[in-house]
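Order-wise, the sequence lines are chains A and B.
All residue numbers for the first sequence refer to the UniProt record's numbering, where the first residue is 1 and numbers rise by one.
All residue numbers for the second sequence refer to the UniProt record's numbering, where the first residue is 1 and numbers rise by one.
Do not rely on the hints blindly, as some may be mistaken.
Said to hold, decoys possible - Label pairs and their in silico Cβ distance ranges: (1) K42/B to R125/A: 42 to 48 Å; (2) S174/B to P71/A: 39 to 45 Å; (3) Y130/B to F137/A: 45 to 51 Å; (4) Y171/A to K42/B: 57 to 63 Å; (5) E41/A to K226/B: 47 to 53 Å; (6) A117/B to N176/A: 20 to 26 Å; (7) K93/B to Y171/A: 57 to 63 Å; (8) N23/A to P132/B: 34 to 40 Å; (9) S53/B to P22/A: 26 to 32 Å; (10) Y130/A to S53/B: 46 to 52 Å; (11) F137/A to K226/B: 49 to 55 Å.
Derived from the structure by calculation, the hints contain no laboratory data.
All values derive from a computational prediction rather than experimental measurement.
All residues carry an ideal CB built from backbone N, CA and C; glycine is no exception.
There are 2 protein chains.
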Amino acid sequence: MKNIKLTIEYDGTNYSGWQRQPNANTIQEEIEKAIANAIGEKITIIGAGRTDSGVHGKGQVANFITDSSIPGTKFKYAINRYLPEDIAIIESKEVEKSFHSRYDALGKKYKYLIYNAPIKSPLLRNYTYYVPYKLDFEKMNEAKDYFIGKHDFAAFMASGSNIEDTVRSIYYASLNTYNNIIVFEIYGDGFLYNMVRIIVGTLVDIGIGKISPHDIINILKSRDRKSAGHTAPPEGLYLEKVCY
Amino acid sequence: MKNIKLTIEYDGTNYSGWQRQPNANTIQEEIEKAIANAIGEKITIIGAGRTDSGVHGKGQVANFITDSSIPGTKFKYAINRYLPEDIAIIESKEVEKSFHSRYDALGKKYKYLIYNAPIKSPLLRNYTYYVPYKLDFEKMNEAKDYFIGKHDFAAFMASGSNIEDTVRSIYYASLNTYNNIIVFEIYGDGFLYNMVRIIVGTLVDIGIGKISPHDIINILKSRDRKSAGHTAPPEGLYLEKVCY
Chain A
1 MKNIKLTIEY
11 DGTNYSGWQR
21 QPNANTIQEE
31 IEKAIANAIG
41 EKITIIGAGR
51 TDSGVHGKGQ
61 VANFITDSSI
71 PGTKFKYAIN
81 RYLPEDIAII
91 ESKEVEKSFH
101 SRYDALGKKY
111 KYLIYNAPIK
121 SPLLRNYTYY
131 VPYKLDFEKM
141 NEAKDYFIGK
151 HDFAAFMASG
161 SNIEDTVRSI
171 YYASLNTYNN
181 IIVFEIYGDG
191 FLYNMVRIIV
201 GTLVDIGIGK
211 ISPHDIINIL
221 KSRDRKSAGH
231 TAPPEGLYLE
241 KVCY
Chain B
1 MKNIKLTIEY
11 DGTNYSGWQR
21 QPNANTIQEE
31 IEKAIANAIG
41 EKITIIGAGR
51 TDSGVHGKGQ
61 VANFITDSSI
71 PGTKFKYAIN
81 RYLPEDIAII
91 ESKEVEKSFH
101 SRYDALGKKY
111 KYLIYNAPIK
121 SPLLRNYTYY
131 VPYKLDFEKM
141 NEAKDYFIGK
151 HDFAAFMASG
161 SNIEDTVRSI
171 YYASLNTYNN
181 IIVFEIYGDG
191 FLYNMVRIIV
201 GTLVDIGIGK
211 ISPHDIINIL
221 KSRDRKSAGH
231 TAPPEGLYLE
241 KVCY
């Protein structure tokens, strides 16, 4: 019996997200089907975190227990053979029996791409959030620093979520521009449901001038979803890395 | 009567190339249909050059003559309303009556992206040429300089092409790496059918070690398609800019 850790890249465009659910095309299900085809075992994989419909994975992590004799590093080839071309195992290895991809995660890094230009880009349409309005980058850059540290992020959680402890620590956040693309990166110990997308939507509202950077302090204090900005769409979001 | 110049971006993945043809989904046809819907005129647009199935456009150019009263710069909005999301007019303006997007082109710039890693990228699958082999970047970089200047490129033209004058001038070529991506850029007065893709395929064959950089001299001299390398696939190619 061994425990296999997978690192997974996927284009989330054509999926109803990570988590298996009836009557929907999901990334988890595709990987479980591919594993069944590759090793003849019907197993359930444990993902480090769910991603929503349209969200992409660059370094999603999952693990599963198997009796297969395939060496850990070879699983990626065996499974990739049966995966559609918008999902790939980019790394596989055997880990300790006790390893659990969700409980053992110490942190996650997300990336979010905004495309800011007068006309929407056909090439980037599924891979960026298209914002046509002029954005004040300096204000957005100032605002992002207010998220760093340990805060109660209740105002940045989708309403209706059933989480009691809404305190999270953000270790790092950066904002950079490359021509018409704004790249936001954020690294923290954990994220509430839709948290990155609400943070980005709020940054965009700051860039447009609807909210001022200093308002973030009061939004955090309010613990009220309605005081934060809009939820940015899924297509700009990438789960970059899960740290253990 | 006015002459309108369009600059066009498109994701070529789901099209049978630029040029209108029976029973095929083409970019030219989509734009002509959108113009018909936007201004109620059935017109034919003149493209600066064809792109093959799967090849992308970042700065394709086309022009057309119209009686419409819409100001030149507003055409982009009127046409984009009727285009699918993988094609967009990013610029439109009125130009001199004599302007012809193909005959007046002084040069074209292409970009080609190679993804070089152990596993194919799901996110970049339609936007890069996936090469799993270890590539000698220094040799590829040395080789690219042999293409610069005025040469007979007959060896770098798809066999079966019916072009008599196969002499072209390459003004500029560059090769850069960003993590696992190799970016090749080439600018010249004109390109033969499949010329960029055969140049890139030859550079990859040099990177693998099948051909040496200095061989380019003899391949050019041979005027024989069989002496050059393979034809790189369309998905890595972008028509970046047409210069007038």
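These are the hints, each one checked on the structure:
{"no.": "1", "hint": "K42/B to R125/A: 42 to 48 Å", "in the structure": "28 Å, violated"}
{"no.": "2", "hint": "S174/B to P71/A: 39 to 45 Å", "in the structure": "41 Å, holds"}
{"no.": "3", "hint": "Y130/B to F137/A: 45 to 51 Å", "in the structure": "34 Å, violated"}
{"no.": "4", "hint": "Y171/A to K42/B: 57 to 63 Å", "in the structure": "59 Å, holds"}
{"no.": "5", "hint": "E41/A to K226/B: 47 to 53 Å", "in the structure": "49 Å, holds"}
{"no.": "6", "hint": "A117/B to N176/A: 20 to 26 Å", "in the structure": "23 Å, holds"}
{"no.": "7", "hint": "K93/B to Y171/A: 57 to 63 Å", "in the structure": "48 Å, violated"}
{"no.": "8", "hint": "N23/A to P132/B: 34 to 40 Å", "in the structure": "36 Å, holds"}
{"no.": "9", "hint": "S53/B to P22/A: 26 to 32 Å", "in the structure": "37 Å, violated"}
{"no.": "10", "hint": "Y130/A to S53/B: 46 to 52 Å", "in the structure": "26 Å, violated"}
{"no.": "11", "hint": "F137/A to K226/B: 49 to 55 Å", "in the structure": "53 Å, holds"}
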